[in-house]
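**Student:** Sequence:
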Amino acid sequence: MLRSMQHHLRVSKSLNLVRMTQSMLVNGDKKYKHAKTGGFTQTAPELHNPFTEDPLLEKTLRRILPQRYYVEVAKDLEKFGDRVVNEIDCLGRLAELNPPKLEHQNAWGERVDELVVTPAWYKLKEIAAEEGLIGIGYDDKFPPEHRRLHQFAKLYLFGPSSGLVTCPLAMTDGAAKTIKEMGLIEQFPEMKVAFDNLTSRDGKKAWTSGQWMTEKMGGSDVGSGTDTYARDLGNGKYALSGYKWFSSAIDANMCLTLARVIDKEGNSIPGSKGLSLFYLPIRDEGNKLNGIQMVRLKNKLGTRQLPTAELLLDGTKALKLSEEGRGIPGISNMLNVTRIHNAMASVSFMRRIISLARDYSKKRIVFGREQSEWPLHVATIAKLEVECRAGFLFLMEAARLLGLSESGKATPIELLNLRLITPVLKLYTAKKCVPLISEGIECFGGQGYMEDTGLPTILRDAQVTPIWEGTTNVLSLDVLRVFGSKDNILGAFEDHINSILPTNLTNQKLVEAKAKIEQGIAELKKTLHKVSHKSITQPMQIDLGAREVALTIGNIYCGTLLLQQAASEVGTDADIEVVSRYVNEKDLVEFRLDNFISARSLQNTGIVFENFDKLTSKL
Numbered sequence: 113m114l115r116s117m118q119h120h121l122r123v124s125k126s127l128n129l130v131r132m133t134q135s136m137l138v139n140g141d142k143k144y145k146h147a148k149t150g151g152f153t154q155t156a157p158e159l160h161n162p163f164t165e166d167p168l169l170e171k172t173l174r175r176i177l178p179q180r181y182y183v184e185v186a187k188d189l190e191k192f193g194d195r196v197v198n199e200i201d202c203l204g205r206l207a208e209l210n211p212p213k214l215e216h217q218n219a220w221g222e223r224v225d226e227l228v229v230t231p232a233w234y235k236l237k238e239i240a241a242e243e244g245l246i247g248i249g250y251d252d253k254f255p256p257e258h259r260r261l262h263q264f265a266k267l268y269l270f271g272p273s274s275g276l277v278t279c280p281l282a283m284t285d286g287a288a289k290t291i292k293e294m295g296l297i298e299q300f301p302e303m304k305v306a307f308d309n310l311t312s313r314d315g316k317k318a319w320t321s322g323q324w325m326t327e328k329m330g331g332s333d334v335g336s337g338t339d340t341y342a343r344d345l346g347n348g349k350y351a352l353s354g355y356k357w358f359s360s361a362i363d364a365n366m367c368l369t370l371a372r373v374i375d376k377e378g379n380s381i382p383g384s385k386g387l388s389l390f391y392l393p394i395r396d397e398g399n400k401l402n403g404i405q406m407v408r409l410k411n412k413l414g415t416r417q418l419p420t421a422e423l424l425l426d427g428t429k430a431l432k433l434s435e436e437g438r439g440i441p442g443i444s445n446m447l448n449v450t451r452i453h454n455a456m457a458s459v460s461f462m463r464r465i466i467s468l469a470r471d472y473s474k475k476r477i478v479f480g481r482e483q484s485e486w487p488l489h490v491a492t493i494a495k496l497e498v499e500c501r502a503g504f505l506f507l508m509e510a511a512r513l514l515g516l517s518e519s520g521k522a523t524p525i526e527l528l529n530l531r532l533i534t535p536v537l538k539l540y541t542a543k544k545c546v547p548l549i550s551e552g553i554e555c556f557g558g559q560g561y562m563e564d565t566g567l568p569t570i571l572r573d574a575q576v577t578p579i580w581e582g583t584t585n586v587l588s589l590d591v592l593r594v595f596g597s598k599d600n601i602l603g604a605f606e607d608h609i610n611s612i613l614p615t616n617l618t619n620q621k622l623v624e625a626k627a628k629i630e631q632g633i634a635e636l637k638k639t640l641h642k643v644s645h646k647s648i649t650q651p652m653q654i655d656l657g658a659r660e661v662a663l664t665i666g667n668i669y670c671g672t673l674l675l676q677q678a679a680s681e682v683g684t685d686a687d688i689e690v691v692s693r694y695v696n697e698k699d700l701v702e703f704r705l706d707n708f709i710s711a712r713s714l715q716n717t718g719i720v721f722e723n724f725d726k727l728t729s730k731l
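Residue 543 in the working numbering sits at position 431 of the sequence shown, and the numbers go up by one each step.
For the record, the hints were derived by calculation from the structure and aren't laboratory data. Since the structure is predicted, the reported quantities are computational estimates derived from the model, not experimental observations. Do not rely on the hints blindly, as some may be mistaken.
Calculated lysine-lysine pairs in the BS3-like style (CA-CA distance at most 30 Å, straight line) [stated by the list, open to error]:
#1 Lys474 - Lys495
#2 Lys191 - Lys385
#3 Lys432 - Lys376
#4 Lys543 - Lys698
#5 Lys316 - Lys292
#6 Lys385 - Lys432
#7 Lys412 - Lys400
#8 Lys621 - Lys637
#9 Lys316 - Lys253
#10 Lys376 - Lys316
#11 Lys253 - Lys187
#12 Lys187 - Lys474
#13 Lys626 - Lys637
#14 Lys543 - Lys637
Using the sequences and the hints given, assemble the complete structure.
**Tutor:** Structure follows, in structure tokens:
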């Protein structure tokens with residue numbers, strides 16, 4: 113009896129196993145028969161409200177802004193964050209997938225140079241105006257010392273989803289700043305109209321501006337590279353002739369540009385002293401291009417949404433804004449603002465890739481566990497987060513100082529530090545963002561490499577930030593020029609850092625972080641002092657270490673801001689850990705005295721050009 117039951121059970125189990133196998137084969141066949149893709153679908157990373165999701169933005173604004181204004185700003189940013197997710201991000205993607213085109217002639221052979229841009233691009237520009245992304249910075253309804261913080265916080269949310277509309281916004285802000293600082297509204301009726309339209313919150317009325325500086329002979333070297341000439345037509349009006357090599361956002365309404373005034377004999381002054389600043393409308397009253405030919409659109413690595421072109425100016429009507437030969441000082445107002453915008457782009461790109469990687473880590477299962485459960489993966493994102501937080505606080509500090517300077521409430525030391533940190537901020541955040549985003553892309557595995565995920569766009573677009581508005585080396589030399597001025601910049605920098613550093617610290621990690629920062633300042637001063645007093649036995653060449661000096665200033669400043677945040681009332685345990693890691697896991701001072709020795713320059717040449725002469729001699 114027992115044996116019979118055991119035999120029956122064995123037979124039943126065998127039959128069940130056969131049925132299960134057959135069922136799996138049938139179901140498996142059904143699963144693959146039609147779709148051909150299998151039964152698994154990976155959930156994509158999701159974009160959440162970038163204001164409420166950000167771990168630092170709300171705390172920083174709450175720390176800096178007066179309570180009444182903070183409540184108003186936070187409400188505006190949360191509402192805008194919803195619009196980014198539900199409307200703006202989709203439009204930005206459409207702009208990426210439908211890049212601009214240039215049609216030179218119409219069907220009848222007439223030269224028209226018609227720029228064809230996706231409607232999504234124009235909608236994004238309308239939204240930018242409606243939301244006050246430029247207007248907030250000039251709106252007297254907002255506290256003048258705080259409105260730049262509000263503006264750049266909002267731009268920071270907009271940037272990664274904007275389809276690169278932030279580029280014309282940067283130049284628009286720079287143009288508005290230039291018009292205001294030079295007192296042009298009172299001098300020229302045209303400038304009153306321009307300023308009102310540049311800062312308008314009417315999406316149908318608002319203007320954007322270009323800045324056409326780059327020519328074939330040079331990028332940042334506008335002094336010797338500008339080959340555009342201005343012929344006097346009388347009454348302050350001129351006709352411009354030249355070739356602009358790299359002109360972004362050519363669908364703008366107006367432009368600020370540099371040119372050399374020629375006299376009656378056709379002579380002009382060479383160098384930067386011969387450059388004057390001009391305003392020109394892109395189109396005339398009949399809506400035809402103002403003596404401008406769009407030669408071709410640039411084929412770029414990234415920022416493909418943005419219409420960038422080579423332009424021929426042939427009798428372009430323009431208004432001279434500066435005194436003759438004072439174009440560079442005039443345009444500096446624009447450059448200082450656009451460099452802060454560039455930093456905003458760098459930091460916002462960093463934040464976007466981290467936010468998506470964080471979300472994806474909760475959705476991707478690898479080796480039986482969520483990515484978020486693998487310590488090594490979380491440690492990787494944590495390193496990115498530390499750098500991103502440092503860059504963000506640096507950006508907010510620049511916006512704060514800009515607001516103080518424009519409101520007339522900045523101290524002399526704060527004004528000197530704004531001049532110093534503007535080029536440092538731009539180069540520092542740009543230099544950090546590209547490798548950070550590359551690491552962030554890796555967090556998605558192979559999907560990070562697929563264009564249709566939209567993730568590679570972040571990396572390609574971010575690559576422009578170390579180049580636009582001056583490369584790292586160009587801006588590093590600008591930092592040295594600031595140090596070379598008559599003002600005691602190093603002393604002002606030290607005083608400003610000391611005014612920010614918190615006192616009466618009790619947390620041991622914060623005490624150690626402060627000591628490390630103070631040590632970094634002392635080492636910076638000591639080395640620069642030695643370099644400035646050139647050794648007879650070892651001649652010094654200070655520009656050799658310009659990049660390291662600039663990055664060191666960035667490290668010290670960021671460490672100080674992270675410490676200030678962590679020690680404040682809004683500081684958290686995560687903030688304490690971030691500043692501890694930032695100052696202890698890197699060398700704040702990135703240079704040694706050896707970096708400046710002149711002999712090193714010859715050694716560099718030997719390394720770079722070894723065997724080069726032999727190669728060229730065979731050509």
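**Student:** Take the hints in turn and mark each one as holding or not.
**Tutor:** Do the hints match the structure? See the list:
{"no.": "1", "hint": "Lys474 - Lys495", "verdict": "holds, 18 Å"}
{"no.": "2", "hint": "Lys191 - Lys385", "verdict": "violated, 48 Å"}
{"no.": "3", "hint": "Lys432 - Lys376", "verdict": "holds, 17 Å"}
{"no.": "4", "hint": "Lys543 - Lys698", "verdict": "holds, 15 Å"}
{"no.": "5", "hint": "Lys316 - Lys292", "verdict": "holds, 23 Å"}
{"no.": "6", "hint": "Lys385 - Lys432", "verdict": "holds, 15 Å"}
{"no.": "7", "hint": "Lys412 - Lys400", "verdict": "holds, 27 Å"}
{"no.": "8", "hint": "Lys621 - Lys637", "verdict": "holds, 25 Å"}
{"no.": "9", "hint": "Lys316 - Lys253", "verdict": "holds, 22 Å"}
{"no.": "10", "hint": "Lys376 - Lys316", "verdict": "violated, 43 Å"}
{"no.": "11", "hint": "Lys253 - Lys187", "verdict": "holds, 16 Å"}
{"no.": "12", "hint": "Lys187 - Lys474", "verdict": "holds, 28 Å"}
{"no.": "13", "hint": "Lys626 - Lys637", "verdict": "holds, 17 Å"}
{"no.": "14", "hint": "Lys543 - Lys637", "verdict": "holds, 24 Å"}
In the structure shown, a violation is registered for the earlier hints numbered 2 and 10, in ascending order.
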